[in-house]
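Engineer: Sequence:
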Amino acid sequence: MDALYLMSRAQFHQAATHISLYREDASPGYRTLGEECLRLVGLNPSRYVYWNVPNMSAYFGRTVPVDVHGGYVLVDEGAAGRLATSYGVLRYAYLSAAVRAREGGRWRYDFMTMNITLAVGVAGGFAALSVGRSRWAWMRRHPVGGIAVSLLVFLTGTVPLARQFAFSVSGL
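Going by the numbering used here, the first residue of the sequence shown is number 292, and it counts up by one from there.
Bear in mind the hints are in silico, worked out from the structure with no lab data behind them.
The model shown is predicted, which means the values in this text are computed figures rather than measured ones.
We put the beta carbon where it would ideally sit given N, CA and C, even for glycine.
Each hint should be verified, as a subset may be incorrect.
[Claimed, not checked] Have a look at the derived ranges for each label pair, beta carbon to beta carbon:
| no. | residue 1 | residue 2 | range |
| --- | --- | --- | --- |
| 1 | H309 | T447 | 22 to 30 Å |
| 2 | Y378 | Q305 | 26 to 34 Å |
| 3 | Y363 | T447 | 36 to 44 Å |
| 4 | A439 | N406 | 18 to 26 Å |
| 5 | A307 | S425 | 50 to 58 Å |
| 6 | N406 | I438 | 16 to 24 Å |
| 7 | L442 | E394 | 23 to 31 Å |
Sequences and hints are given; from them, build the entire structure.
Structural biologist: The following block contains the structure:
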């Protein structure tokens with residue numbers, strides 16, 4: 292539920308109030324699916340509370356309203372089936388939420404993968420610039436071209452790595 296992290300503070304508090312007021316126990320089918328997905332990513336399903344929060348999807352736009360946050364697995368059962376359109380999409384939503392929870396939550400997961408990706412790209416770019424300026428006369432004669440080459444090396448190292456991190460969840 293990416294929309295949860297794009298909300299303003301007031302909307303977030305409104306959603307949290309809605310969850311605390313209207314939550315109910317999840318149905319056995321959604322609970323079983325949640326337990327299976329948590330188990331697949333290496334989390335202990337007995338440590339989580341499974342809640343159905345009716346109309347939670349109204350706060351999140353068109354995303355599948357499934358999230359694992361803290362010790363809670365939240366789902367809007369009425370909208371999840373309609374928005375997911377298939378069992379596979381619903382299972383993928385549960386798995387991606389569980390992976391983010393295992394990695395320390397969405398913010399920490401995105402922050403770490405972004406920093407690792409940028410560090411690899413910057414190291415490659417600086418290495419290309421320093422090695423290129425010391426070994427290739429063309430880069431010494433064309434400083435703007437040398438910077439462009441190092442930027443190209445940066446992008447060549449960063450983009451595939453970022454795509455690998457983005458698709459690592461789908462490999463479950």
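Engineer: Please go over all the hints and tell whether each is borne out by the structure.
Structural biologist: Against the structure, the hints:
{"no.": "1", "hint": "H309 <-> T447: 22 to 30 Å", "in the structure": "violated (45 Å)"}
{"no.": "2", "hint": "Y378 <-> Q305: 26 to 34 Å", "in the structure": "holds (31 Å)"}
{"no.": "3", "hint": "Y363 <-> T447: 36 to 44 Å", "in the structure": "holds (41 Å)"}
{"no.": "4", "hint": "A439 <-> N406: 18 to 26 Å", "in the structure": "holds (25 Å)"}
{"no.": "5", "hint": "A307 <-> S425: 50 to 58 Å", "in the structure": "holds (56 Å)"}
{"no.": "6", "hint": "N406 <-> I438: 16 to 24 Å", "in the structure": "holds (23 Å)"}
{"no.": "7", "hint": "L442 <-> E394: 23 to 31 Å", "in the structure": "holds (30 Å)"}
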